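Each protein sequence line maps, in turn, to chains A and B.
When we follow my numbering, the leftmost residue of the first sequence carries the number 1, and every step to the right adds one.
When we follow my numbering, the leftmost residue of the second sequence carries the number 1, and every step to the right adds one.
None of these hints come from the bench; they were simulated from the model.
Only a predicted model underlies this, so the values are computations on that prediction, with no experimental measurement involved.
Hints are supplied without guarantee of correctness; some may be wrong.
[As the list claims (entries may be wrong)] In silico lysine to any residue, SDA-like type, Cα no more than 25 Å apart, as pairs:
#1 B:Lys130 x B:Glu227
#2 B:Lys388 x A:His229
#3 B:Lys14 x A:Glu157
#4 B:Lys388 x A:Arg113
#5 B:Lys388 x A:Asn91
#6 B:Lys388 x A:Glu157
#7 B:Lys388 x A:Tyr27
#8 B:Lys14 x A:Arg135
#9 B:Lys388 x A:Arg127
#10 A:Lys81 x B:Asp393
#11 B:Lys159 x B:Ser142
#12 A:Lys29 x B:Arg399
#13 B:Lys388 x A:Arg135
#14 B:Lys14 x A:Asn65
#15 B:Lys160 x B:Leu212
#16 B:Lys14 x A:Ala131
#17 B:Lys235 x B:Lys14
#18 A:Lys29 x A:Tyr100
#19 B:Lys14 x A:Leu158
#20 B:Lys14 x A:Leu95
#21 B:Lys273 x B:Lys130
#22 B:Lys388 x A:Lys21
#23 A:Lys29 x B:Lys130
#24 B:Lys130 x B:Gly214
#25 B:Lys14 x A:Leu111
#26 A:Lys81 x A:Leu158
#27 A:Lys81 x B:Ile395
#28 B:Lys188 x B:Ala146
#29 B:Lys388 x A:Asn65
#30 B:Lys14 x A:Asn112
#31 B:Lys388 x B:Ile369
#32 B:Lys14 x A:Ile125
#33 A:Lys29 x B:Val367
#34 B:Lys235 x B:Ser213
#35 A:Lys21 x A:Tyr100
#36 B:Lys171 x B:Glu227
#37 A:Lys21 x A:His229
#38 B:Lys14 x A:Asn91
#39 A:Lys29 x B:Glu396
#40 B:Lys388 x A:Gly28
Chain residues, written in single-letter form:
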Amino acid sequence: MSCADSERTADVSSRTVISLKGVTKIYGKGQAITEALRGIDFLVTEGEFVAVMGPSGSGKSTCMNILGLLDTPTVGTYTFKNIEIGRLSRNQRALLRRHYLGFVFQGFNLLNRTSALENVELPLIYRGFPATVRRASALRSLEMVGLHGWETHTPGELSGGQQQRVAIARAIVTEPAVLLADEPTGNLDTIHSREIMELLISLNCDQGITVVMITHEPEMAAYASRVVHFRDGVVESDVRNGRAS
Amino acid sequence: MLWNAILLSLREIKRNILRSFLTILGIVIGVGAVIVMVTVGGGATAQVTEQIASLGSNLLMVSPGKRMGPGQSTTPTPFKIGDVEAIARNVSSVAAVAPMATQSLMAIWGNENWSTTVTGTDNEYFKVVKRSLQSGRLFTDSELRAGAAICIMGETVRKKLFGGQNPLGEKIRLKKLSCEVIGILEAKGQSSMGTDQDDLVVIPLRTLQRRLSGNQYVDLIQVSVREDTSTERVKADIERLMREHRHIAEGNDDDFNVMDMKEIAAMLTGTTKTLTALLGAVAAVSLLVGGIGIMNIMMVSVTERTREIGIRLAIGALEREVLLQFLVEAVVLSSLGGVIGIVLAIVSSVVLAGILQVPFVFNLGIVVIAFLFSAAVGVIFGYFPALKAARMDPIEALRHE
């Protein structure tokens with residue numbers, strides 16, 4: 001179903017966006033330690049659409065947090081766009097998030113009582129764009145997700161699907177290299193879920209945005225070009241959709 | 001970034017308008033109280049100072065009795081006219097020296113009577129207190145020497161006794177003394193202490209001593225110093241001269257007291273200042289409490305907006321940007337309280353000044369200080385909550401319900 005990797009070249013290393021090597025994540029201290037990830041190796045190439053699946057507690061959320069630069073590995077290296085993350089400070093990681101990453105969450109995580117337009121403008125404020133540029137970009141982004149005419153509505157006045165579209169518009173307004181989606185359809189009904197998946201696919205195909213998405217639902221994972229299964233902190237399977245099915 | 005933070009904080013404040021208002025109430029009251037106190041207190045002080053200044057800053061008052069502290073003295077050994085003459089003769093740079101002896105008496109003319117203060121002095125008195133006549137004439141030297149039965153009266157006494165009639169040449173009675181009115185003083189109005197400065201009758205000193213008091217005493221010597229010389233030096237000269245003249249042994253305290261206008265002003269405004277300082281302290285405590293109120297609400301706000309903070313951090317906000325946002329919000333909140341407090345304080349100062357009949361003296365300094373102080377309260381009490389926000393773990397914050 002995905003448009004990814006059909007006629008893209010084989011030169012993998014130069015186009016690798018995400019590279020996890022032997023990543024282990026340990027929480028807690030002493031007796032109460034939990035090993036959330038146990039030596040993960042994981043590569044994502046530019047333009048891929050990766051679905052990450054696995055039961056809760058399998059480490060997929062921890063992995064997403066690390067990929068999203070919200071967390072750092074305890075052991076192992078994470079290289080994002082040829083930048084070694086392990087040594088970066090909290091603020092340096094924030095700057096990378098600001099410039100290269102877009103987040104979409106299960107709970108939408110929009111600012112309440114704030115219009116769709118202002119929600120979408122938010123990342124651009126931190127980039128220091130002037131107001132007129134922010135406005136124009138946000139309007140374009142909202143139009144791209146099919147919310148033309150809904151700019152002034154606040155999250156409370158929008159349906160779940162529309163809220164998730166606003167969240168996607170916010171994530172892509174900065175033209176990120178990678179879009180990280182944590183169960184983007186988890187709170188939506190089937191019809192809205194399909195809409196959101198189709199939107200993600202089109203962003204992946206038309207804008208060339210790399211997408212990494214956590215999902216529970218095989219139906220949603222089927223949209224991806226590649227499905228990675230996590231179990232007990234390790235990668236259980238890593239399948240290319242087109243070839244495997 | 002800063003401008004955005006200010007806009008953002010204004011929107012936050014508008015969103016919780018009632019809560020914001022209640023939060024800043026402490027600051028409003030604190031700032032308002034400080035400014036009202038200082039403005040009204042300053043007005044009262046200014047009034048006193050102004051009236052003392054109208055007497056001239058070059059005035060010295062020599063009174064008998066030991067100085068104990070502001071407003072206190074021992075039983076005085078009065079001056080005699082010889083003391084006055086000694087000052088006039090021996091102290092250089094003196095413009096005028098006026099002896100004064102006073103009595104409170106009933107002045108009677110025809111069927112009218114009026115209780116007033118009778119001052120026995122000479123023509124120097126008018127120079128020292130800077131008063132002139134609206135009609136009539138001053139005393140002549142021979143009248144002063146002879147202790148003639150003549151008087152010069154203030155406007156209030158004239159009005160009370162004579163009404164619309166011309167008093168010049170008429171004879172009024174002071175006790176058993178019947179004296180001719182030879183002049184009327186120019187009106188001066190109320191003094192800072194609320195006394196009527198036109199409620200007086202001036203007669204030659206010798207007339208008062210011989211015909212009214214029956215003694216040789218001079219109650220007070222007023223000295224005006226030439227404009228170009230320092231009152232301090234003249235004051236020291238007078239003190240030295242008086243010690244010598246009154247035979248005060250080395251090591252004994254003065255049994256008289258020379259006060260310049262600065263000291264008199266300090267004495268009169270001392271009470272006002274103490275009161276202002278006291279109320280100022282109360283106001284400062286109120287500002288402190290207001291600051292704690294702001295801190296409290298900022299803590300609540302940070303907790304309430306944990307998810308928002310998580311979103312901002314995930315999107316790529318730096319720690320300092322989040323810190324700035326909440327700090328700015330606290331400062332905007334407290335400054336808003338400061339501004340409201342300033343406006344209310346100015347309005348109520350004007351009203352209060354009208355009621356208390358003191359001049360409204362706008363004190364820009366205290367307004368600026370109060371505003372800066374309120375902003376500083378925001379910075380101090382907003383910093384901790386803002387730091388709490390900035391230090392949040394974005395993962396935890398996003399999970400927060």
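Hint check:
1. Among the hinted pairs, B:Lys130 with B:Glu227 is consistent with the structure: their alpha-carbon atoms are about 13 Å apart, no more than 25 Å.
2. Of the supplied pair hints, the one linking B:Lys388 and A:His229 is violated, its CA atoms being roughly 37 Å apart against a limit of 25 Å.
3. Distance restraint check for B:Lys14 and A:Glu157: the Cα-Cα separation of roughly 20 Å lies within the 25 Å cut-off, and the hinted pair is therefore satisfied.
4. For a cut-off of 25 Å, the pair hint linking B:Lys388 to A:Arg113 stands: about 23 Å separates their Cα positions.
5. For the hint linking B:Lys388 to A:Asn91, the alpha-carbon distance of about 16 Å falls within 25 Å, and the restraint holds.
6. Proposed proximity of B:Lys388 and A:Glu157 is contradicted: the alpha carbons are some 31 Å apart, above 25 Å.
7. For the hint linking B:Lys388 to A:Tyr27, the alpha-carbon distance of about 22 Å falls within 25 Å, and the restraint holds.
8. Restraint check for B:Lys14 and A:Arg135: satisfied, since their Cα atoms lie roughly 23 Å apart, inside the 25 Å limit.
9. For the given pair, B:Lys388 sits about 23 Å from A:Arg127 by alpha-carbon distance, which is consistent with the 25 Å threshold.
10. Proximity of A:Lys81 to B:Asp393 is assessed by CA-CA distance (about 24 Å); at most 25 Å being required, the pair is judged to hold.
11. Between B:Lys159 and B:Ser142, the direct Cα distance comes to roughly 29 Å. Violation of the 25 Å bound is thereby established for this hinted pair.
12. Restraint check: the Cα-Cα separation between A:Lys29 and B:Arg399 comes to about 22 Å, which is no more than 25 Å; the hinted pair holds.
13. For the suggested pair B:Lys388 and A:Arg135, the alpha carbons sit about 31 Å apart, so the restraint of at most 25 Å is broken.
14. Our distance criterion of 25 Å between C-alpha atoms is broken by B:Lys14 and A:Asn65, whose separation comes to about 35 Å.
15. Taken as a hint, the B:Lys160 and B:Leu212 pair is honoured in the structure, with Cα atoms around 22 Å apart against an allowance of 25 Å.
16. Restraint check for B:Lys14 and A:Ala131: the C-alpha separation of about 21 Å stays at or below 25 Å, so the hint holds.
17. Straight-line distance between C-alpha atoms of B:Lys235 and B:Lys14 comes to about 63 Å, which puts the hinted pair past the 25 Å bound.
18. Under the criterion of a C-alpha separation no larger than 25 Å, the hint pairing A:Lys29 with A:Tyr100 is inconsistent with the structure, at around 33 Å.
19. With a C-alpha separation of about 23 Å, the suggested pairing of B:Lys14 with A:Leu158 holds against the 25 Å cut-off.
20. A threshold of 25 Å between alpha carbons decides the hint, and for B:Lys14 with A:Leu95 the separation of about 31 Å lies outside it, so the pair is violated.
21. Only pairs whose Cα atoms come within 25 Å are accepted, and B:Lys273 paired with B:Lys130 is rejected, the gap being roughly 28 Å.
22. Distance check on the hinted pair: B:Lys388 and A:Lys21 sit about 34 Å apart at the alpha-carbon level, beyond 25 Å; violated.
23. At roughly 89 Å between alpha-carbon atoms, A:Lys29 and B:Lys130 are farther apart than 25 Å, so this suggested pair is violated.
24. Restraint check for B:Lys130 and B:Gly214: the C-alpha separation of about 29 Å exceeds 25 Å, so the hint is violated.
25. Distance hint between B:Lys14 and A:Leu111 is fulfilled; the C-alpha atoms sit about 16 Å from each other, no more than 25 Å.
26. Between A:Lys81 and A:Leu158 the alpha-carbon distance is near 36 Å, which puts this suggested pair outside the 25 Å criterion.
27. Proposed proximity of A:Lys81 and B:Ile395 is supported: the alpha carbons are some 22 Å apart, at most 25 Å.
28. Simply put, B:Lys188 and B:Ala146 have alpha-carbon atoms about 30 Å apart, too far for the 25 Å limit, and the pair is violated.
29. Between B:Lys388 and A:Asn65, the direct Cα distance comes to roughly 21 Å. Compliance with the 25 Å bound is thereby established for this hinted pair.
30. In summary, the hint linking B:Lys14 to A:Asn112 is supported, as the alpha carbons are separated by about 14 Å, within the 25 Å threshold.
31. Between B:Lys388 and B:Ile369, the direct Cα distance comes to roughly 29 Å. Violation of the 25 Å bound is thereby established for this hinted pair.
32. For the proposed pair B:Lys14 and A:Ile125, the alpha carbon gap of about 21 Å is at most 25 Å, so the pair holds.
33. Between the alpha carbons of A:Lys29 and B:Val367 the distance comes to roughly 55 Å, so the proposed pair goes past 25 Å and is violated.
34. Straight-line distance between C-alpha atoms of B:Lys235 and B:Ser213 comes to about 29 Å, which puts the hinted pair past the 25 Å bound.
35. The suggested pairing of A:Lys21 with A:Tyr100 holds, with an alpha-carbon distance near 20 Å, which does not exceed 25 Å.
36. Restraint check for B:Lys171 and B:Glu227: the C-alpha separation of about 39 Å exceeds 25 Å, so the hint is violated.
37. Restraint check for A:Lys21 and A:His229: satisfied, since their Cα atoms lie roughly 17 Å apart, inside the 25 Å limit.
38. Under the criterion of a C-alpha separation no larger than 25 Å, the hint pairing B:Lys14 with A:Asn91 is inconsistent with the structure, at around 31 Å.
39. Between A:Lys29 and B:Glu396, the direct Cα distance comes to roughly 18 Å. Compliance with the 25 Å bound is thereby established for this hinted pair.
40. With a C-alpha separation of about 22 Å, the suggested pair B:Lys388 and A:Gly28 falls inside the 25 Å cut-off, and the hint holds.
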